[in-house]
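Chemist: Residue numbers (our numbering), protein chains in the order written: chain A, 1 to 110; chain B, 1 to 115.
Some hints could be false.
Pairwise CB distance ranges, derived in the manner of DEER restraints [unchecked claim]: (1) A:N57 <-> B:Q80: 41 to 49 Å; (2) A:V92 <-> B:L38: 39 to 47 Å; (3) B:V83 <-> A:T5: 28 to 36 Å; (4) A:K52 <-> B:E63: 42 to 50 Å.
Simulated crosslink set (DSS-like; lysine-lysine; CA at most 30 Å straight-line) [as the list claims (entries may be wrong)]: (5) B:K44 <-> B:K27; (6) A:K69 <-> B:K27; (7) B:K44 <-> A:K3; (8) A:K3 <-> B:K62; (9) A:K97 <-> A:K3; (10) B:K71 <-> A:K52; (11) B:K51 <-> B:K27; (12) B:K44 <-> A:K97; (13) B:K44 <-> B:K71; (14) A:K69 <-> A:K52; (15) A:K52 <-> A:K97; (16) B:K51 <-> B:K71; (17) A:K52 <-> A:K3; (18) A:K69 <-> A:K3; (19) A:K97 <-> B:K51; (20) B:K44 <-> B:K62; (21) A:K52 <-> B:K44; (22) A:K97 <-> A:K69; (23) A:K97 <-> B:K62; (24) B:K27 <-> B:K71; (25) B:K27 <-> A:K97; (26) B:K62 <-> B:K51.
Source of the hints: derived by calculation from the structure; they are not laboratory data. Quick reminder that beta carbons are idealized off the backbone N, C-alpha and C, glycines included.
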Amino acid sequence: DAKTTQPPSMDCAEGRAANLPCNHSTISGNEYVYWYRQIHSQGPQYIIHGLKNNETNEMASLIITEDRKSSTLILPHATLRDTAVYYCIVRVSNDYKLSFGAGTTVTVRA
Amino acid sequence: NAGVMQNPRHLVRRRGQEARLRCSPMKGHSHVYWYRQLPEEGLKFMVYLQKENIIDESGMPKERFSAEFPKEGPSILRIQQVVRGDSAAYFCASSPTAPPNYGYTFGSGTRLTVV
Numbered sequence: 001d002a003k004t005t006q007p008p009s010m011d012c013a014e015g016r017a018a019n020l021p022c023n024h025s026t027i028s029g030n031e032y033v034y035w036y037r038q039i040h041s042q043g044p045q046y047i048i049h050g051l052k053n054n055e056t057n058e059m060a061s062l063i064i065t066e067d068r069k070s071s072t073l074i075l076p077h078a079t080l081r082d083t084a085v086y087y088c089i090v091r092v093s094n095d096y097k098l099s100f101g102a103g104t105t106v107t108v109r110a
Numbered sequence: 001n002a003g004v005m006q007n008p009r010h011l012v013r014r015r016g017q018e019a020r021l022r023c024s025p026m027k028g029h030s031h032v033y034w035y036r037q038l039p040e041e042g043l044k045f046m047v048y049l050q051k052e053n054i055i056d057e058s059g060m061p062k063e064r065f066s067a068e069f070p071k072e073g074p075s076i077l078r079i080q081q082v083v084r085g086d087s088a089a090y091f092c093a094s095s096p097t098a099p100p101n102y103g104y105t106f107g108s109g110t111r112l113t114v115v
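Chain B extracted, bound-state conformation:
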């Protein structure tokens, strides 16, 4: 049973470009969470999604950031018109229930570098 898969592992974008980060949850998991870790900082909750629904996006920046989890396919975190301050590691976690009875399973993350 594969774990949470995130791709790409590393992504370099120029300022003003778009970044698309993908997260495939574990098999049987229908709840997905995105976290961001800025350099030298702790992980911060961004958004919680179920299939085709955004449940809580209270941690998402108000502009340029969006997330989706379609009926088919991975969850996508989209950052439009990236700026240097978006450089960070973005982690996705999934769970079969919300919240899970135990801990979350995290992916290995996507490291976004904006140049």
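So that you can see chain A by itself, here it is in the shape it has in the complex:
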């Protein structure tokens, strides 16, 4: 699996956009970028994934650079309930294992 690098923590003001970076410089052509989050004392929650095009759903947007070596998860209007650890994971589509790193602890402040 390609490894990812994320900042250990970041703060965000409630109502503002939160931009979470992820570096995956060794990603291979058939690996997708997945984002999950884990709110305290809960199981991981799937957010979004993409291969090379930008993606958007009701939770977030995913921006992948053209060279695919990095990506950014955007929470458009952060709320206090978005406080969580966010994990960026790369894996090939036919691999069922998820390799969780340390993630980014995001704290949304009022």
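Based on the hints, put chain B in the right spot on chain A.
Modeler: Same frame as chain A, now just chain B:
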């Protein structure tokens, strides 16, 4: 449609006892995965099961740990003769296909404390 159900949410066992963790996948999901999260660490894959079959147990400790997913009923993760180092949160995920076309659905976990 209920999500992935895990029980108990919290389990306390004395050293040497057995722990049984249960996971009921989402309706229509026949693939189950177990992950372990040790304190202050990330989640680690343990085992992948389909109904009545263990597909990949490469992440399971070699001794004392076993898993099953019978034809009827929930998947069970069994830890025999628990030790303090087994204290962790154990999460189960399920999917209708393997791997899923999107993300996995995880349960809320079982927090095992060995005293």
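Chemist: Which hints, by number, does the structure contradict?
Modeler: Those not satisfied are hints 2, 6 and 10.
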